[in-house]
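2 protein chains.
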Amino acid sequence: MADKKMVQEITSMDVDFAQWYTDVVIKAELIDYTSVKGCMVIKPAGYAIWELIQKQLDARFKETGVENVYLPMFIPESLLEKEKDHVEGFAPEVAWVTHGGLQPLQERLCVRPTSETLFCDFYKNDIHSYRDLPRVYNQWCSVVRWEKETRPFLRSREFLWQEGHTAHATAEEAEARTIQMLNVYADFCEQVLAIPVVKGQKTDKEKFAGAVATYTIEALMHDGKALQSGTSHNFGNGFAKAFDIQFADKDNTLKHVYQTSWGMTTRLIGAIIMVHGDNEGLVLPPRVAPTQVCIVPVMQKKEGVLDKAYELRDLLKKNFRVKVDDSDKTPGYKFAEAEMRGYPLRVEIGPKDIEAGKCVICRRDTREKIEVSLDALEAKVSELLTTIQKEMLERARAHREEHTYTAKNMDEFVQLFTEKSGFVKAMWCGERECEDKIKETLSVTSRCMPFEQEEIAQTCVCCGKPAKKMVYWGRAY
Amino acid sequence: MADKKMVQEITSMDVDFAQWYTDVVIKAELIDYTSVKGCMVIKPAGYAIWELIQKQLDARFKETGVENVYLPMFIPESLLEKEKDHVEGFAPEVAWVTHGGLQPLQERLCVRPTSETLFCDFYKNDIHSYRDLPRVYNQWCSVVRWEKETRPFLRSREFLWQEGHTAHATAEEAEARTIQMLNVYADFCEQVLAIPVVKGQKTDKEKFAGAVATYTIEALMHDGKALQSGTSHNFGNGFAKAFDIQFADKDNTLKHVYQTSWGMTTRLIGAIIMVHGDNEGLVLPPRVAPTQVCIVPVMQKKEGVLDKAYELRDLLKKNFRVKVDDSDKTPGYKFAEAEMRGYPLRVEIGPKDIEAGKCVICRRDTREKIEVSLDALEAKVSELLTTIQKEMLERARAHREEHTYTAKNMDEFVQLFTEKSGFVKAMWCGERECEDKIKETLSVTSRCMPFEQEEIAQTCVCCGKPAKKMVYWGRAY
Numbered sequence: 159m160a161d162k163k164m165v166q167e168i169t170s171m172d173v174d175f176a177q178w179y180t181d182v183v184i185k186a187e188l189i190d191y192t193s194v195k196g197c198m199v200i201k202p203a204g205y206a207i208w209e210l211i212q213k214q215l216d217a218r219f220k221e222t223g224v225e226n227v228y229l230p231m232f233i234p235e236s237l238l239e240k241e242k243d244h245v246e247g248f249a250p251e252v253a254w255v256t257h258g259g260l261q262p263l264q265e266r267l268c269v270r271p272t273s274e275t276l277f278c279d280f281y282k283n284d285i286h287s288y289r290d291l292p293r294v295y296n297q298w299c300s301v302v303r304w305e306k307e308t309r310p311f312l313r314s315r316e317f318l319w320q321e322g323h324t325a326h327a328t329a330e331e332a333e334a335r336t337i338q339m340l341n342v343y344a345d346f347c348e349q350v351l352a353i354p355v356v357k358g359q360k361t362d363k364e365k366f367a368g369a370v371a372t373y374t375i376e377a378l379m380h381d382g383k384a385l386q387s388g389t390s391h392n393f394g395n396g397f398a399k400a401f402d403i404q405f406a407d408k409d410n411t412l413k414h415v416y417q418t419s420w421g422m423t424t425r426l427i428g429a430i431i432m433v434h435g436d437n438e439g440l441v442l443p444p445r446v447a448p449t450q451v452c453i454v455p456v457m458q459k460k461e462g463v464l465d466k467a468y469e470l471r472d473l474l475k476k477n478f479r480v481k482v483d484d485s486d487k488t489p490g491y492k493f494a495e496a497e498m499r500g501y502p503l504r505v506e507i508g509p510k511d512i513e514a515g516k517c518v519i520c521r522r523d524t525r526e527k528i529e530v531s532l533d534a535l536e537a538k539v540s541e542l543l544t545t546i547q548k549e550m551l552e553r554a555r556a557h558r559e560e561h562t563y564t565a566k567n568m569d570e571f572v573q574l575f576t577e578k579s580g581f582v583k584a585m586w587c588g589e590r591e592c593e594d595k596i597k598e599t600l601s602v603t604s605r606c607m608p609f610e611q612e613e614i615a616q617t618c619v620c621c622g623k624p625a626k627k628m629v630y631w632g633r634a635y
Numbered sequence: 159m160a161d162k163k164m165v166q167e168i169t170s171m172d173v174d175f176a177q178w179y180t181d182v183v184i185k186a187e188l189i190d191y192t193s194v195k196g197c198m199v200i201k202p203a204g205y206a207i208w209e210l211i212q213k214q215l216d217a218r219f220k221e222t223g224v225e226n227v228y229l230p231m232f233i234p235e236s237l238l239e240k241e242k243d244h245v246e247g248f249a250p251e252v253a254w255v256t257h258g259g260l261q262p263l264q265e266r267l268c269v270r271p272t273s274e275t276l277f278c279d280f281y282k283n284d285i286h287s288y289r290d291l292p293r294v295y296n297q298w299c300s301v302v303r304w305e306k307e308t309r310p311f312l313r314s315r316e317f318l319w320q321e322g323h324t325a326h327a328t329a330e331e332a333e334a335r336t337i338q339m340l341n342v343y344a345d346f347c348e349q350v351l352a353i354p355v356v357k358g359q360k361t362d363k364e365k366f367a368g369a370v371a372t373y374t375i376e377a378l379m380h381d382g383k384a385l386q387s388g389t390s391h392n393f394g395n396g397f398a399k400a401f402d403i404q405f406a407d408k409d410n411t412l413k414h415v416y417q418t419s420w421g422m423t424t425r426l427i428g429a430i431i432m433v434h435g436d437n438e439g440l441v442l443p444p445r446v447a448p449t450q451v452c453i454v455p456v457m458q459k460k461e462g463v464l465d466k467a468y469e470l471r472d473l474l475k476k477n478f479r480v481k482v483d484d485s486d487k488t489p490g491y492k493f494a495e496a497e498m499r500g501y502p503l504r505v506e507i508g509p510k511d512i513e514a515g516k517c518v519i520c521r522r523d524t525r526e527k528i529e530v531s532l533d534a535l536e537a538k539v540s541e542l543l544t545t546i547q548k549e550m551l552e553r554a555r556a557h558r559e560e561h562t563y564t565a566k567n568m569d570e571f572v573q574l575f576t577e578k579s580g581f582v583k584a585m586w587c588g589e590r591e592c593e594d595k596i597k598e599t600l601s602v603t604s605r606c607m608p609f610e611q612e613e614i615a616q617t618c619v620c621c622g623k624p625a626k627k628m629v630y631w632g633r634a635y
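From first to last, the protein sequence lines are chains Z and F.
Residues in the first sequence are numbered consecutively from 159, following my numbering.
Residues in the second sequence are numbered consecutively from 159, following my numbering.
No lab work stands behind these hints, which were simulated from the structure alone.
It is possible that part of the hints are untrue.
Any copy will do: because identical chains look the same in the list, a pair fits if it lies in one copy or spans two.
[What the hints assert, rightly or not] As a list, the in silico SDA-like pairs of lysine to any residue whose alpha-carbon atoms are at most 25 Å apart: (1) K476 to Q214; (2) K399 to Y191; (3) K627 to E598; (4) K363 to C299.
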């Protein structure tokens, strides 16, 4: 049973979910560790997923009028310090450049942890009149945060992301863009990644350093923990005042601009793994699968088998991302490997199949095997990929529903977080004190105040005072 | 004549080419300066060119089997020091990170100036057997070199590029890949950027730190100066020995791999400006023009004019990158702006044109005006873009031929570099001493030993000893 070796080495997700996750990222060859602590190599199988995410997200951005730019990776210390809340949030976790070549620098530069200050410094000179507004810019780059505990994709010292930064003439327009981008993110997660999300607003405790309001999409992983999957911030005109970004409005008076920012990161790859993966490895939604169909020839040394495999590949490659595994491994090993790597469909074809004019398609998500005539292969592949994409979202949504609970009071709340794992919906008075207490006693944080509010009770789950908001609570990555 | 203001502010290229260049990058809104010395903002009009370069170059890479990855931006000092020549070449110009958050680091990290050492550190663990070879990886990222003198696109402290890094079982295969990628670069420059290049090998003095051989493509700018536009390096197994990258070959013995690297950067945008630009501003080859057709409505307040402009846009946008300038500026201002930004075609349409069922197309490269019936517009635009792409390459090639000279002896050589500017082809004995002397006396460097050799004379242009190679010499950016 050497064929199964690759699979047997994976820890079961029910035994140790964290170890299962690590096994999958390594065995599916998504990443490798490096000599630089907390930084990883994103290998071809991992980077190709990111390229598909970039391509589809970028197209959605551009449909809403976003233009891409590139700003420097360095921020002078004095620039980072201009907005008080912002520097307090980020200064403790940035990397500092102190020398250029053999010379010490006159002023330290930090490697960008996020680029609000750089965009403000740029907009200050770039925006003069209402004619220059709105500015709806985005950049794809890497950022650095000097984290103590790191995990591949979920939390690393350097990660890849996009960061949108916009400037508007009015507060209303800035708020509308903030919500618009949150909706782009939510739709992208559901339609492309097959990950359902809860949309809502962060509490003041959890919002971004310097923001007036932070909106978030929260997803539930297979182990019942939450993952913040994208955020969109409304800054009001706070940064504009700190950086003096003013424009001459139509009425000829000088006004400060209103700003937003919004970002998604390579952590989405972690979400794909933890929402869809199983004990055989990675399961990729077709829309972000670098290989959608893997053709595995059986008895490939028999005359005509490899030729037929290549013929099917050439047929399918017009509309799908397809490859033939023609390596000298055994079919059993190739099957296990195709499962580990999460290819949505595997096509098995051997001499008997060819004789009968058929082949076997195996779905990665359900592991169902389907016999199909070669004439009908192309249509069947198309149909199955659409079905898989749809059903993966449905299964993830059903899993989230099953693991979303409601608590009317603290006893129920504690019991749920002791016995279950998932989201707990509960009422909140709006006071920081209750959030702090819940975090201290249960290691549970407020994930968001969802846009779709429900009245579960009339009093705060923690203090019993009148409730203001229904909150999703959870343990988070 | 306020309409012409935008253009009048540009310095003529004949008066001051360097100032003309700076005027174009600013007026065409390609970049902006920042608070970080030597680092620039690449604005939407500049970044969109880079996106078109990336897309087309990346597709060409992938056709040759290249896979994209992402490696960390930081290199531990001890890793940078492993290959002696390499560290000597780069250590004087790297940025050093010494602190993470509030703590000093145990070991300094440099921000990558190039990633050979990181790829070696990765390949050391990633490559075990001949089955793992070749590795043909590439990454798109930014790199940092602490330059003293900086100029937008041509030399900046941070710039964007791609860097390919490959590992092979044999020296022959590595050499073949090095040449293959140089050919990809040369073809890309000619076919996409409309820039003709000379392919050749760098002398030992000019080769990359740590390489056995460096190949280059050299382009001639409008002012007669050379621009190194892409390089491809063969490392032999020198890095593999320094980093101990070995594989078990088919004969069951351990062998060191052979490696290559190759890169192109945002400096290509500088090349586009300096090869094709004129005194009206930027001139973009259609294949990298973010806007290929700009429709300018004339008397746009008249009923039906804007509607017709949008109708033409909708017709053209199926196959071309097109926009309507419907701002409230005057037509004259819009014409000048469209020329400054280098749009290959401008379509002018006013009430009389609409009545006559025609419009006027203006070529940016020749400034020729062509009347065309609206029915024939789509076909004419297609034809003109193809023609422009082709003729821009032809003109650039003719310019290079006119500015490529030959010198048989030092008198001719000195006279040419005193009176003319361009490439000078001359023979060389192969000794470093002659290269050094030529550089000291004339500020001229060997650009390359071209693959297409000619025997201009039998003796070295400098020392008179027997010649070994014909060399392209020039003053370079």
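Now for the hints, and whether the structure bears them out:
Proximity of K476 to Q214 under the C-alpha cut-off of 25 Å is found in both arrangements, the shortest distances being 19 Å within a copy and 19 Å between copies. In this homomeric assembly, K399 and Y191 come within 25 Å of each other (Cα to Cα) only across copies, at 22 Å, whereas the closest approach inside a single copy is 43 Å. With identical chains, the CA atoms of K627 and E598 are at most 25 Å apart within one copy only, with a shortest distance of 21 Å there and 76 Å across copies. In this assembly of identical chains, the alpha carbons of K363 and C299 never lie at most 25 Å apart, being 28 Å within a copy and 35 Å across copies at closest.
The structure does not agree with numbered hint 4 stated previously, though it agrees with all others.
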